[in-house]
Amino acid sequence: MKLTLTILAALLLAPLATMQAADAAASLPRSLPLTEGVDPAGIAKFLETMEARRFELHSFMLLRHGKVVAETWWAPYAAEVPHCLYSLSKSFTSTAVGLAAAEGRLSLDDKVVSFFPDSLPPQVSDHLAAMRVRDLLCMAAGHEKDPQNEMVKSDDWVRAFLAQPLVRAPGTQFVYSSAATYMCSAIVQKVTGMTVLEYLRPRLFDPLKITGMTWDTCPRGINTGGWGLSVPTEGLAKFGQLYLQKGNWQGRQILPAAWVAEATSFQIQQPAKPGSTRPKEEDDQRQGYGYQFWRCRHNAVRGDGAFGQLIVMMPDQDAVVVMTSESRDLMEQLGVVWEHLLPSFHDAKLPANDAAQEKLTRLLSTRHLAPSTGVAGGTSTGTQAFALEENSLGITRLTIANTDKTVTLTAKVGDTDHSIVHGLGEWRMGETAMPGTPTKLGAGTLATPLRKVAASAAWLDASTLELTWCYLEFPHRDTVTCRFDADRVTLSFLSSITVLGRAAPTRPTLTGRKVDP
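Under the working numbering, read the sequence shown as residues 13 to 529, first letter to last.
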């Protein structure tokens with residue numbers, strides 16, 4: 013029997029029913045795709061294509077006419093958990109600059125050196141003297157390459173940034189620079205006396221009822237700006253909708269409309285990537301750059317971050333697409349939006365299509381990431397302990413407790429025990445401050461070392477145990493392989509960042525000998 017649209021609507025909205033009941037005013041309105049002129053078959057095809065092409069999505073939300081028409085989270089990721097945004101953080105830092113300018117605290121034409129007279133190098137070059145806030149926003153500070161790697165080696169990132177050589181006049185050439193965005197954060201903190209996160213809270217996050225944000229800081233307590241912000245998925249959707257509505261939110265002008273227009277407009281041309289043969293009109297990385305926002309094909313605008321953190325604003329379609337993920341190719345991921353979602357938008361409400369809506373509802377309600385799986389066997393239930401050889405993680409003792417449903421790994425560092433409970437063939441939720449976790453890119457101090465983790469375990473054979481740690485506030489996971497040989501154990505770590513080729517392994521292989529539990 014076909015489900016009625018009423019039942020379908022209830023199913024579609026079910027994932028956030030509890031959250032909506034707790035605070036309905038905090039949530040965006042919900043609707044059915046057909047009601048808002050979106051073909052549910054196109055959304056379903058988008059989801060199927062993303063998974064067929066092996067993109068690991070963690071969340072997806074589609075807005076049309078300001079209403080959520082499709083949303084899902086790939087368990088164990090969940091709606092209420094903030095997700096690390098990487099460079100999508102830049103769009104929020106840009107927003108803080110825009111608000112500070114609107115309040116008269118700074119001008120985009122202010123010289124960068126004027127904010128930091130005590131951090132300047134002995135000789136201030138003409139290029140450094142000429143660098144403006146505007147040049148930082150446009151990724152045209154004048155460097156040959158992003159000085160981020162050199163900057164973060166210092167305990168004074170501002171001073172290190174200002175000491176980097178400039179090879180061209182600021183404002184003349186686009187060079188992507190997370191360090192430049194950090195300087196925008198430092199300038200906002202200089203003129204307001206607040207971190208960007210503190211400054212945005214009453215001006216942006218509170219009016220939009222976005223909660224749960226965290227932002228990494230540099231050694232001097234300045235938010236990292238170009239990376240390090242974490243926000244729940246619906247908060248990203250609200251941010252995109254705010255920009256789509258030219259800064260207006262429920263009748264209140266949160267951002268100046270002129271700022272929104274300028275920040276999302278073409279400000280500077282990006283060069284083609286070396287070796288690229290893609291025509292400019294087909295390249296979403298060459299449609300122009302605004303103030304920490306990218307222009308896209310189809311008159312769209314996006315904020316994006318490493319591994320596929322995306323807010324895509326589509327003014328011609330009055331739509332917003334949001335994704336968090338661990339993607340191998342962000343541009344290909346965006347291409348699937350144009351391939352399947354873009355043709356799904358229509359100018360008017362669409363006729364009923366129970367079959368298409370039922371299929372979409374089923375897809376949205378069953379997304380999950382598979383836990384570790386293996387074969388029956390392994391060591392018998394019980395507890396084993398191992399004294400570890402000296403290692404850079406500082407772990408001296410390892411205990412592995414097995415039951416028929418769980419595996420608990422406990423690492424001792426000094427007087428502290430760090431434990432993670434794993435479900436056998438299923439996810440178990442917990443928190444950890446295990447040394448070496450969570451795996452992530454980018455320097456900066458986390459708001460708290462205790463991070464949410466979903467853990468699963470599987471015996472690959474009688475002497476090999478595989479543990480998976482999925483960091484729910486980050487795109488990444490660790491695979492930890494424990495090999496048992498008589499009275500010896502060997503632990504090796506493999507980060508999903510390494511698997512995707514974005515970073516070399518940094519943790520040692522641990523070895524130890526069995527001792528009394």
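It is possible that part of the hints are untrue.
The calculated lysine-lysine pairs, modelled on PhoX-like cross-linking and capped at a C-alpha distance of 20 Å, are [to be verified]:
id, residue 1, residue 2
1, Lys285, Lys79
2, Lys285, Lys157
3, Lys79, Lys221
4, Lys258, Lys221
5, Lys258, Lys424
6, Lys361, Lys79
7, Lys123, Lys221
Beta-carbon label-pair distances, calculated as ranges [unchecked claim]:
id, residue 1, residue 2, range
8, Arg213, Gly78, 34 to 40 Å
9, Arg66, Ala474, 48 to 54 Å
10, Asp218, Thr428, 44 to 50 Å
11, Pro355, Ala474, 25 to 31 Å
12, Ala474, Leu453, 53 to 59 Å
13, Ala64, Ala360, 43 to 49 Å
14, Thr378, Lys285, 33 to 39 Å
15, Gln265, Pro177, 39 to 45 Å
16, Ala367, Asp429, 50 to 56 Å
17, Ser126, Glu274, 20 to 26 Å
No lab work stands behind these hints, which were simulated from the structure alone. Since the model is a prediction, treat every value here as computed from it, not as a measurement. Cβ coordinates follow ideal geometry from the N, Cα and C atoms, glycine included.
A quick look at each hint next to the structure:
1. Lys285 / Lys79: It is violated: about 37 Å lies between the C-alpha atoms, which goes past 20 Å.
2. Lys285 / Lys157: holds, 13 Å
3. Lys79 / Lys221: OK: Lys79 and Lys221 at ~16 Å, within 20 Å.
4. Lys258 / Lys221: Holds - the C-alpha atoms of Lys221 and Lys258 are around 18 Å apart, at most 20 Å.
5. Lys258 / Lys424: Since the Cα atoms of Lys258 and Lys424 sit roughly 53 Å apart, the hinted pair is violated (cutoff 20 Å).
6. Lys361 / Lys79: Distance of about 14 Å is within 20 Å: holds.
7. Lys123 / Lys221: violated, 34 Å
8. Arg213 / Gly78: 34 to 40 Å: Violated - the Cβ-Cβ distance for Arg213 and Gly78, about 23 Å, lies outside 34 to 40 Å.
9. Arg66 / Ala474: 48 to 54 Å: violated, 31 Å
10. Asp218 / Thr428: 44 to 50 Å: violated, 36 Å
11. Pro355 / Ala474: 25 to 31 Å: Violated - the Cβ-Cβ distance for Pro355 and Ala474, about 52 Å, lies outside 25 to 31 Å.
12. Ala474 / Leu453: 53 to 59 Å: Once the Cβ atoms are compared, 37 Å apart, the range 53 to 59 Å for Leu453 and Ala474 is violated.
13. Ala64 / Ala360: 43 to 49 Å: Given range 43 to 49 Å: violated, Cβ gap about 31 Å.
14. Thr378 / Lys285: 33 to 39 Å: Holds - the Cβ-Cβ distance for Thr378 and Lys285, about 38 Å, lies within 33 to 39 Å.
15. Gln265 / Pro177: 39 to 45 Å: Holds, since Gln265 and Pro177 (Cβ atoms, about 42 Å apart) stay within the stated range.
16. Ala367 / Asp429: 50 to 56 Å: holds, 54 Å
17. Ser126 / Glu274: 20 to 26 Å: holds, 22 Å
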